[in-house]
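> Protein chains in written order, with this note's numbering: chain A, 1 to 498; chain B, 1 to 634; chain C, 1 to 511; chain D, 1 to 104.
If you're looking for bench data, these hints aren't it; they were derived computationally from the structure. Please read all numbers here as calculations on a predicted model, not as lab measurements. Mixed in with the good hints, there may be bad ones.
What the hints assert, rightly or not - Keeping only pairs whose Cα atoms sit at most 20 angstroms apart, straight-line, the calculated SDA-like set for lysine to any residue is:
#1 B:LYS159 / C:PHE458
#2 D:LYS97 / B:ARG601
#3 D:LYS103 / A:ASP369
#4 C:LYS294 / B:PRO211
#5 B:LYS568 / C:LEU309
#6 D:LYS92 / B:GLN607
#7 A:LYS376 / C:SER165
#8 C:LYS452 / B:GLY567
#9 D:LYS97 / B:LEU616
#10 D:LYS27 / B:THR613
#11 D:LYS97 / B:THR613
#12 C:LYS452 / B:HIS450
#13 D:LYS103 / B:LEU600
#14 D:LYS103 / B:GLN607
#15 B:LYS568 / C:GLU380
#16 C:LYS452 / B:LEU569
#17 A:LYS377 / C:ARG24
#18 B:LYS159 / C:ARG24
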Amino acid sequence: MSLATLLQAHLWTTMGPLFVVGMTAIVVMVLELFLPAASRKFIVLLAALGVVVAGVVLVHTMSVPPELSLDTMVSDGLATVSSMLLLATGLLVLLLHLDVNESEEMPRESSFLLLFALVGALAMVTAVNLVALYIGLELLSVSSYVLVALRKRHRQASVEGSMKYLVMGGIGSAVFLYGVSFIYGLTGQTSLYALAQASLSLWQHDAAIAVIAFLLIVVGLGIKLSLVPFHMWTPDAYEGAPSSVAALISTLSKTATFALALRVLVYIFNGGAHDLFPYIAVLAAITMLAGNWLALTQHNLRRLLAFSSVAQAGYLLIPIALFGTASVREWPDLYDNLLFYLAVYTFLTIGAFAVLHLLEHHRDVTMADGLTGFAKKSPWLAASFIVFLLGLAGMPLTGGFVGKFYIFTSTVQTGVLWLGIVLFATSVLSFFYYFGLIRTMFQSPLPTYGDAAQGQAEGRTPVPVATGIVIALCLFGTVALGVVPGILLHPLALVQWF
Amino acid sequence: MSMLALLVPLFPLLAGVISFFFRRLPGAFHATISVVLLIPSVVFAIVLFLYVHAHPGVVLRQVIPWLVLPSFSIHVGIQVNALTALMLVIVTFVSILVFMFSYGYLRTDERLSIYYSYLNLFVFSMLALVLSPNLLQLYLFWEMVGLCSYLLVGYWFAKPEAARAARKSFVVTRIGDAGLFAGILLLGFAAGTFNDADYSILARHGTLALPWLSEPYLVTLATLLIFIGAVGKSAQLPLHVWLPDAMEGPTPVSALIHAATMVAAGVYLVAREFPLFAESHVTMTVVAYVGAVTALFASLIAITQQDIKRVIAYSTVSQLGYMMLALGIGAYADGVFHLFTHAFFKALLFLAAGSVIHALGGTQDLALMGGLRRKMPITFYTFLAGALALSGIFPFAGFWSKDAILGAAMAKGDWVLYLLGLIAAFCTAFYIFRVVFLTFAGAPRDEDLHAHAHEGGWVMTVPLVILGLFATFAGFINTPWNDDFLSRFLTATKTPKPIPASYSHWPLTSMAISLAVGLCGIGLAAWMYGGGKGFRKVPSAFKPWYALSRNKFYVDEVYSWTVVRGGKLLAALVDLVDRYLIEGLTRLVGLFFYGIGNVLRYTQTGQIQTYGTFALVGLVVFLVVAVFRVGGVF
Amino acid sequence: MAFLLWIVLFAPWIGFLATALLPRLSDRMYQAIHIVLQSVALVAVGALWSRFHPASSHYQAVVRLPWFSFPDAWHGANLTIGLNFGIDGLSLGLLSLAAVVLWLIAVSTRVPEGLGKARAMWVQLASFAVFATFTALNIFTFLLAIEVTLFATFFLLLRLSEADSQRTAIKFLLYRGVASVFLIVSLVGFAFSSAATMAEPLTLGYQQLAARAQGVATANAALSAHYSAPQWIFLLLLLGVFIEEAFVPLHNWFPDAIKNADTGTAMLVGGVLTKTGAYALLRFGVGMMPADVKIFTYVLATVGIGNLLYGAFAAWSARDWRRLISFSSISHMGLVLFAIGTMQADAIQGAMFLLVSSGLITSLLLLTTSRVKARTLTLEWRQLSGLAKPLPILSGFLLFGALATLGLPLTSGFIGEFQSFFGGFAVHPTFAFIGLLGLILSAVYSLTAIRKTTFGPFTDRAAAAAYEDARMAEWWPIALLTMLVLFIGIVPYPLGHVFLSAVHRLLPIGG
Amino acid sequence: MIHMPVASLLALAAVLFCIGLYGALTKRNLIMVLVSIEMMLSAVNINLVTFSRLGAAPNLTGQVFALFSITVAAAEIAVGFALVLAFFRLRKSTEVKDADSQKK
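Generate the whole structure from the sequences, applying the supplied hints.
Right, dumping it as structure tokens:
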């Protein structure tokens, strides 16, 4: 490949944000190494600035038609929209990190890892080549493994969580890659576009191997997406991770992995979609059921949120499962579904983790019982938490309702109504624990005995500025997407997805 | 003219409203305003009666739309025909006397305003019922009079018996009302209107039918259902149980509602629907037999009752049975005639009994009375007039009307009915003179009470005297001498259509027999209780029969053991099901979800390798399924 | 006219926002805001009456609020979602009921100490949602409103309940949550399947859906002959309705909610929220899936009459007023279901009457008993007797409520009752005859309650001194409800006329 | 050039993958677990390289892919060992079963 072709390859259009974030990451890494601990705040802000700049670049990208560079990176609808979401997520996480960094006494080399995770995530959504996708996936994963282990306050849980994440993630990567290797073997291609063209013949000639490859890929991604029964690392990792990292792995890596899964599965396997995607449907159903069911009896707040995110992953999987029966005309609908709900989910989850962080740090609350009297002591914070929980439960006036309803309409449209029914039925199951938390917040505190006084510190919970901004933004996002969903839905309607 | 008819019920309504809202004013005010405002009603009622008499066959009708159903409109308003006009006179006339009497009777009661507002509401409802242009409005006020009865029976609500009796009166009549309700709706749907004037015509044309029931059956079913309503209201067998208990209310109330007017509404209803009833032979037979059996049955019970009001209450049941009997055998005019006379003499008996009770400070037990003739002469003579009327002794009112019924039965040749009626007539004469003797004759059985006994002042005696006159002379309205004035009046109108006069000549035989039977009854009573003999020992041969009668043939007990307890049992069962089964199931579902959640929770062992194993199992299951699918198994 | 509906809907909404966002005011201030805005809504509903044309066959006072669209929701075409509101006779009747009850909640029920904000906020949100439920013109708006009522009421139950608030609130939430799932699935399924069968664009609007169902008024009449929804859709709808209406055996949440909630919330739940299910059945079942209603007519009749009797028997064995009220409401709703199941125009009009009437009577009883409880501290019968002596006014209202419950003529309950049976006798005579038992049982249980509480001897002299009968400030709301119940019973013409137009709308074929 | 049957190579990879998986799920020592994961990745690499030469459409991509995979695996194992070290410092153990402070 000559230099000339390289230059003609619209690198900036496809990889601009990635470059910016990557460069920021390196700068931040270097600075973190040399600057004294006192200027950590500045460094995190610098990282956030980099993300903002990347966002600006991305907006610029959106104004030009989709490009493909190096047969690897693309700036199609899915790439740009998910990149936007990822950058927004990254920004929120970084802001949250600003405060978490202080309170959790994390080692300073954390901001750049967040940025590298973001780079990986961006690569996952922009790449259309299996090799690049894999690199992105691993970049994100490895950064996350490290990040999870960085929580000093609960050292052991942190390391253990990270260890479990790493082992399971490693197995997942291997399984995923093993599946991918068969695809490569059958077609000799790693470019998704080429694979998409070969998809039908792949299915017609080598159905057996294709099924195995499909399942391996699904299981590999399932581990990353924490789908049931591959989800079991999730609560432990969430419990161990610093709050900002927990927010990161529950949102950023989910968004990126879902986008990747959508691309990989749909591009490679649409030839046999009718036979293959029902597996995903079943997986989605099991995930929704088991995720909610597991959260039902959970009292540890982090683990509860972890299981809830498992369940939410089930909801998010529905649009992908629907590709099995959807006609090409209906595909954009499924993209819309997925991205809209991902956006909603991101706001809800980061918001919830932000509140949870304050609870943990300032009131030393880890269990649901600790929420007793929360509503009375910190009404605004409690109100925000309630909004996030209502959103997760899919109540109207939050984006959760619109998102779920939208996914549901797609299940009806594509004739997989049973999945829609499971969606709403398990939502009712989730009422029990989401509203259970709300209920606890309004309980008056019980008389306390010695150590049982956990979380019942007097007075309001102080809200640091950065976290406050995060909560406010998430609140705004949640409510805006519920009250005026058009602000996201209408742009989504215009996106040329593929 | 129709405006007049409209005004008739409005005066008592006005009086009721005034009484209700000006509670603080003294009792005399309420009594006065009630009586005064009822005077125009009485006058208008009489004017209407005369008007209808002057224009035979006229039907005054004035309606406004009340509710528009998708299939037709329902109207409310007034309708006056001969029957209505007669009823208006009866109701307003008896009411005004009772209003007067009440003040004497309840002078010291502090809730007199409530009493008068209830009573006025009752009169209004009764008048509106009578004036109803269609069956639905009739039903509306049918229930309203029931409500007023409930309220007045429960007037002394603090007495547990009164509270129970009030509920019982409402619930038992409600059973009948349910039948009436069904009947009205069936007819309404079949005919497309609630105007009952059209029903008999439709029935005769054979167009009265439902999708699931053809014409003759529908008429029979509907009339039987309506008759159930009448049975409930007029306390006929087997729904008579509420009326004796309703005597817990103030005595004037018993006189007005439970003797003269409301209980007669059942008879009025059957009379009103007579043309339709006449279309169904089955119904007519049922009506006649229910009436006859009730007449006898109630009079048998009345023989042995200890409570003066209960005796008269059973007598009412019995007399209403006569009216039903009359209607059932087709003697329409005679039935209504008996209603007319009965209203006077029975109101009289109640009021006189009330006077006695008032004099004795509230006691109603015959065993504590006696010898009151001298202390309360007006009461005695008026009561005697009533008793003679009730016994059917010439020339008192009851003689003419009761004999007309028996004569009609005889003329019809239905000997069973005739005999039932005759035996009842004998019992009637016996039990009422038993009361007369026990109350007024002989020596006082309780000196204390006797010493304080006195007449109740002019507000009480004037109504008694007026009613006494009517009880004596009202029968002359329908005698062969005046060419059966009332019968002609009633049958002259087109609706209800004229029916053949039940008998057209002097039924001397029948008159003689019933007079003789009545005198025998009185004689027996005189022999047993006359001359202050007081209660006789019952010969042991009659003991079981006596007990049977004394205990009202155990009807209440039967109901209590079957319907009431059955219902309560069922209710308790439902309660158990609800509290334990359904609540339990709800909890079980909750436990199920929670339990499964807990089981699932134990899979989170904290061991990485368990996690991996679960993932592997998942993969393997998928692969196995895939293999089977490729192999065509799934 | 549309602006009136705007006011009705957004007055409580503004109230909700204001209450939620205004910083700590005194309870009294929050209540003042609440009362003012709820009154505004009530007045606007009153004004709607004056402008409403019963003769028109269209939805009136239509408010269209373009909102957003779901991209590519139907074969690549966007599905436009608007917040569309409008009224027909049925909507207006139920809207009025809701406005009255919610206004009374605002002005006449006690606010627990320190919970002024919570109550004002959630009641106003619930009130917005309830108004929206009854006036929604498309499925999305309807479902949205149903869900909002769900969580608004949850918070009310949670914060304000007098006893066992946690359990009550969660039970309510889970039961009705399941119901809303059924409603969502069936209604959206209905919209999609009708679009699929008719090969027409997807729509969620009532008018279009009803037109499709009835095969009239569409552009291509030949194509759209007559659409009949798959039976499972209707079954799901029915299940949702059964839970919303608290039909046995899915009623378990209801007695608990009535028993434990504070008076205001109990009025909201018993007086308004249990009417949404029947409203849905009328709007969607009768109006859009008439064929299915006819197919399932025996199911409806069985469940309806079953509930009528079950509710009556359970009320008979009740030992306190609140339980009696809840089961008598269940009993009334049973009759509503029976009436709807007959698909007779008269009966359906009756069902509408019954809905309004039951809401008013339930509220009346709840309000009255709350006043009684404020004095006696209990509503259990074994601790009450002879209340008519110390509390004549309240006892009078209690008696009136009981009489209205048993469907005494000239009270509102009778109108619906006779119409329901009127249609019932035409179609299901057997069921109707069995149902007559309910007429008797209602008298039994209401009057038993009266006998045990207000009648009978009043023995406790010490308490008598403490009991002070209600003053005007306390009884005027009850009197108002009494007047309404009486007015509808005595002069049913206006309401009947409005409902008549709705019946004609729902059943253009004539039943 | 020696003829290498695809099937045997794939079988080798499959066996290696399974051994790796088995090891990862059963070995008691964390280091052994990590090594087992490495074995799984090696199996993948064998696959890739095999297909790069003997696949349906042989090309170099597979080998490039394998190179990337090896690199990434190295990074991953480095992190893994760092974690094991941290874990050892905390618990004085490298046993898998000791990483159980979080459950349920």
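> Against this structure, judge whether each hint is valid.
Hints and how they fare:
1. With a C-alpha separation of about 10 angstroms, the suggested pairing of LYS159 (chain B) with PHE458 (chain C) holds against the 20 angstroms cut-off.
2. For the proposed pair LYS97 (chain D) and ARG601 (chain B), the alpha carbon gap of about 18 angstroms is at most 20 angstroms, so the pair holds.
3. Straight-line distance between C-alpha atoms of LYS103 (chain D) and ASP369 (chain A) comes to about 18 angstroms, which keeps the hinted pair within the 20 angstroms bound.
4. Distance restraint check for LYS294 (chain C) and PRO211 (chain B): the Cα-Cα separation of roughly 16 angstroms lies within the 20 angstroms cut-off, and the hinted pair is therefore satisfied.
5. Between LYS568 (chain B) and LEU309 (chain C) the alpha-carbon distance is near 13 angstroms, which keeps this suggested pair within the 20 angstroms criterion.
6. With a C-alpha separation of about 17 angstroms, the suggested pair LYS92 (chain D) and GLN607 (chain B) falls inside the 20 angstroms cut-off, and the hint holds.
7. Simply put, LYS376 (chain A) and SER165 (chain C) have alpha-carbon atoms about 17 angstroms apart, close enough for the 20 angstroms limit, and the pair holds.
8. Annotation: proposed proximity of LYS452 (chain C) to GLY567 (chain B) holds, straight-line Cα distance about 18 angstroms (limit 20 angstroms).
9. In summary, the hint linking LYS97 (chain D) to LEU616 (chain B) is supported, as the alpha carbons are separated by about 19 angstroms, within the 20 angstroms threshold.
10. Our distance criterion of 20 angstroms between C-alpha atoms is met by LYS27 (chain D) and THR613 (chain B), whose separation comes to about 12 angstroms.
11. Of the pairs offered as hints, the one joining LYS97 (chain D) and THR613 (chain B) holds, with about 14 angstroms between alpha carbons and a cut-off of 20 angstroms not exceeded.
12. Of the supplied pair hints, the one linking LYS452 (chain C) and HIS450 (chain B) is violated, its CA atoms being roughly 37 angstroms apart against a limit of 20 angstroms.
13. Taking the CA atoms of LYS103 (chain D) and LEU600 (chain B), the gap is near 12 angstroms; set against the 20 angstroms cutoff, the hint holds.
14. Between LYS103 (chain D) and GLN607 (chain B) the CA atoms are separated by roughly 8 angstroms; this keeps the pair inside 20 angstroms, and the hint holds.
15. For the given pair, LYS568 (chain B) sits about 18 angstroms from GLU380 (chain C) by alpha-carbon distance, which is consistent with the 20 angstroms threshold.
16. For a cut-off of 20 angstroms, the pair hint linking LYS452 (chain C) to LEU569 (chain B) stands: about 19 angstroms separates their Cα positions.
17. Note on LYS377 (chain A) and ARG24 (chain C): the hinted pairing holds, with a Cα-Cα distance of about 13 angstroms set against a maximum of 20 angstroms.
18. Note on LYS159 (chain B) and ARG24 (chain C): the hinted pairing is violated, with a Cα-Cα distance of about 54 angstroms set against a maximum of 20 angstroms.
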